[in-house]
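Q: Sequence:
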Amino acid sequence: MAVPKQHKTKSSRNQRRMHIYLEQPKLAVCPKCGKPVLPHTVCLNCGSYKGKEVINVMKKLTKKEKKKKEKELAGKEKEEKKEKPLSMEELSKK
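Following my numbering, the numbering of the sequence shown begins with 1 at its first residue and continues without gaps.
Hints are computed from structural coordinates only; laboratory data are not their basis.
One or more of the hints may lead you astray.
[Claimed, not checked] Label pairs and their in silico Cβ distance ranges:
| # | residue 1 | residue 2 | range |
| --- | --- | --- | --- |
| 1 | H7 | V29 | 46 to 54 Å |
| 2 | P85 | K50 | 19 to 27 Å |
| 3 | K52 | R17 | 43 to 51 Å |
| 4 | Y21 | E72 | 30 to 38 Å |
| 5 | N14 | L91 | 54 to 62 Å |
| 6 | S11 | L73 | 50 to 58 Å |
Note that beta-carbon positions come from the ideal geometry of N, C-alpha and C, so glycine has one too.
Go ahead and model the full structure; you've got the sequences and the hints to work with.
A: Right under this line is the structure:
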């Protein structure tokens with residue numbers, strides 16, 4: 001059986017392990033609901049991927065949860081409609 005000839009110090013052991021750590025995943029923002037989501041994955045909040053609904057999230061929920069979720073999604077859509085770009089005439093008025 002192999003036996004090391006010299007003792008490895010704690011310092012050199014820890015220097016070797018210095019690059020072994022967990023990194024936070026890089027998150028993207030869901031274009032439909034605005035929640036952080038891993039890139040190239042379906043949003044678990046709204047069930048959409050690349051702007052299309054892939055999973056019907058409402059199917060699994062109870063009545064109370066459905067109403068709450070519908071209000072939340074409707075509120076987000078209203079906010080998106082309000083943020084339309086200003087035309088040249090509207091900019092000149094300000």
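Q: Each hint: holds or not?
A: Hint check:
1. H7 with V29: 46 to 54 Å: Since H7 and V29 have Cβ atoms about 51 Å apart, the given range 46 to 54 Å holds.
2. P85 with K50: 19 to 27 Å: 23 Å Cβ-Cβ, so the 19 to 27 Å window holds.
3. K52 with R17: 43 to 51 Å: Distance hint for K52, R17 holds at roughly 44 Å.
4. Y21 with E72: 30 to 38 Å: 36 Å, holds
5. N14 with L91: 54 to 62 Å: For L91 against N14, whose Cβ atoms are near 59 Å apart, the range 54 to 62 Å holds.
6. S11 with L73: 50 to 58 Å: 55 Å, holds
Consistency with the previously given hints is maintained throughout, with no hint failing.
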